[in-house]
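J.: Chains A and B are the protein sequences, given in the same order.
Per our numbering, the first sequence starts with residue 1, numbered consecutively.
Per our numbering, the second sequence starts with residue 226, numbered consecutively.
Some clues are possibly wrong.
Restricting the straight-line Cα-Cα distance to at most 30 Å, the calculated cross-link-like pairs of lysine-lysine (DSS-like) are [stated by the list, open to error]:
| id | chain 1 | residue 1 | chain 2 | residue 2 |
| --- | --- | --- | --- | --- |
| 1 | B | K358 | B | K320 |
| 2 | A | K65 | B | K366 |
| 3 | A | K55 | B | K341 |
| 4 | B | K435 | B | K411 |
| 5 | B | K320 | A | K9 |
| 6 | A | K29 | B | K320 |
| 7 | B | K370 | A | K82 |
| 8 | B | K435 | B | K282 |
| 9 | B | K352 | A | K118 |
| 10 | A | K43 | B | K370 |
| 11 | B | K320 | A | K114 |
| 12 | A | K114 | B | K366 |
Stretches of chain A that chain B covers, calculated by requiring three or more beta carbons in the stretch to come under 8 Å of a beta carbon on chain B [said to hold, decoys possible]:
| id | stretch |
| --- | --- |
| 13 | 75-83 |
| 14 | 97-108 |
| 15 | 118-128 |
Take a look, some chain B residues computed to stay more than 12 Å from chain A by CB distance [to be verified]:
| id | residue |
| --- | --- |
| 16 | T272 |
| 17 | K291 |
| 18 | E295 |
| 19 | L297 |
| 20 | P318 |
| 21 | A328 |
| 22 | S399 |
| 23 | E405 |
| 24 | S459 |
In case anyone wonders, no lab produced these hints; they're calculated from the structure.
The beta carbon of each residue, even a glycine, is placed where N, CA and C say it ideally should be.
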Amino acid sequence: MAERSEEVKLLGMWASPFSRRVEIALTLKGVPYEFSEQDITNKSPLLLQSNPVHKMIPVLLHNGKPISESLVILEYIDDTWKNNPILPQDPYDRAIARFWARFVDEQVYVTAMKVVGKVGVERDAAVEATRDLLKLMEKELVGKDFLGGESLGFVDIVATLVAFWLMRTEEVVGVKVVPVEMFPEIHRWVKNLLDVDVIKKCIPPEDEHLDYIRARMESLKLKSV
Amino acid sequence: MEEETGNKVILHGTFMSPYSKRVELALKLKSIPYLFVQEDLHNKSQTLLQYNPVHKKVPVLVHKGKPISESLFIIEYIHETWRNGPQLLPQDPYKRSKVRFWASYIQLHLFDVVMKVVKTEGEEQEKAITEVKEKLSIVEKEGLKEIFSDTDGEPTVTNESMSLVDIVMCTLLSPYKAHEEVLGMKIVDPETLPGVYCWLNAINETDVVKDLTPPYEQVLEILRTFRQMSLSRS
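Assemble the whole structure, with the sequences as input and the hints as a guide.
T.: Now the structure itself:
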């Protein structure tokens, strides 16, 4: 396979959707990698050196060379390891996939964060806004098993943020942001995701994850008091 | 040569939009003939709303009847579809990742705040200027060496080598001289930002940018009017 020794290291964090999506991509392509769990409250010299601009995870180090920003990393992985492509082949389909990935990260994520971060009327507004955005995703899933079509693709990997972070947060926050009556296609899609081995392997274990989310919310509440 | 109807390229944009301009730069670099449809942002055409139902924004590129939105993705589409001519993204995956990273950085962290400098005054403007200078320093310190790794961080831009990140930088601060004249302050000081200054000048020297830039007096006028309108609205 590789002609020389390929060193792939991921500076990540077990509960981060941005870190996990990189793990999904590497695992899908069968790329062996070393995972280095980072303490984001006490950033390592390696992290600071590898991502001096944002000082954030995930950072992929390929033969020592760092790549930051999860969407940039995903494209790098697809450009470098050509088997099991993540992005579609056709340029138009690729443009559409990039559009939806950006939509999830810049619109859905930002709005959904307010559901966690706010209370009362502001939270209600955030829930409404998130639902409005998710309705667009719901439409995209009609007649499809995955956002990528017949099989898991770029947008699905990015949108695991919705399936396993936003939807898990519901339990902790006590608000059904994505009720099955309103979003049957999304719920069906989550089930499809859970049938994929790579996804099962790469998402944070549910119980620990819920505990983590609960603990984070508590600390957020303490901070806002 | 491309056939007439099947491969028709239409760009829905506006004269003033830097995002539209990015796509025009890319199309011109690749010598792709296109039809420009000027949209009235206060009265958007049905076609535009149909082509970009999610954001309802320009630019939208229509190729073979199919619409593509988001200027950065349109440029990647152009790069992938028309393989001849200047490469808008590097072939090497690592270099390509750097171009994508910095294009995205400039878009996310500089565009809005530069706009704020133009649209506001007093304390709000001062805050924005500080932020612009901070972010440009990051580009100076960390970006140039990654974008121009082939030339040890020395910005070199030609019609043939122009990439996605040059295009984004162009539409951010190519008219920096006009900005300085209208605002009465230096945004890109060659003393503190020598690399960025050099980069912008290199960009502005290329034929494609010269062709798409209106005469200086007109740029001044547009900028002055835009600033006045924004200030009077607030």
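J.: All the hints need checking, so say for each whether the structure fits it.
T.: Against the structure, the hints:
no., hint, in the structure
1, B:K358 - B:K320, "holds (26 Å)"
2, A:K65 - B:K366, "holds (18 Å)"
3, A:K55 - B:K341, "holds (26 Å)"
4, B:K435 - B:K411, "holds (22 Å)"
5, B:K320 - A:K9, "holds (18 Å)"
6, A:K29 - B:K320, "holds (21 Å)"
7, B:K370 - A:K82, "holds (28 Å)"
8, B:K435 - B:K282, "holds (26 Å)"
9, B:K352 - A:K118, "holds (27 Å)"
10, A:K43 - B:K370, "holds (24 Å)"
11, B:K320 - A:K114, "violated (36 Å)"
12, A:K114 - B:K366, "violated (34 Å)"
13, 75-83, "holds (count 4)"
14, 97-108, "holds (count 4)"
15, 118-128, "violated (count 0)"
16, T272, "holds (18 Å)"
17, K291, "violated (6 Å)"
18, E295, "violated (6 Å)"
19, L297, "violated (8 Å)"
20, P318, "violated (4 Å)"
21, A328, "violated (10 Å)"
22, S399, "holds (23 Å)"
23, E405, "holds (26 Å)"
24, S459, "holds (25 Å)"
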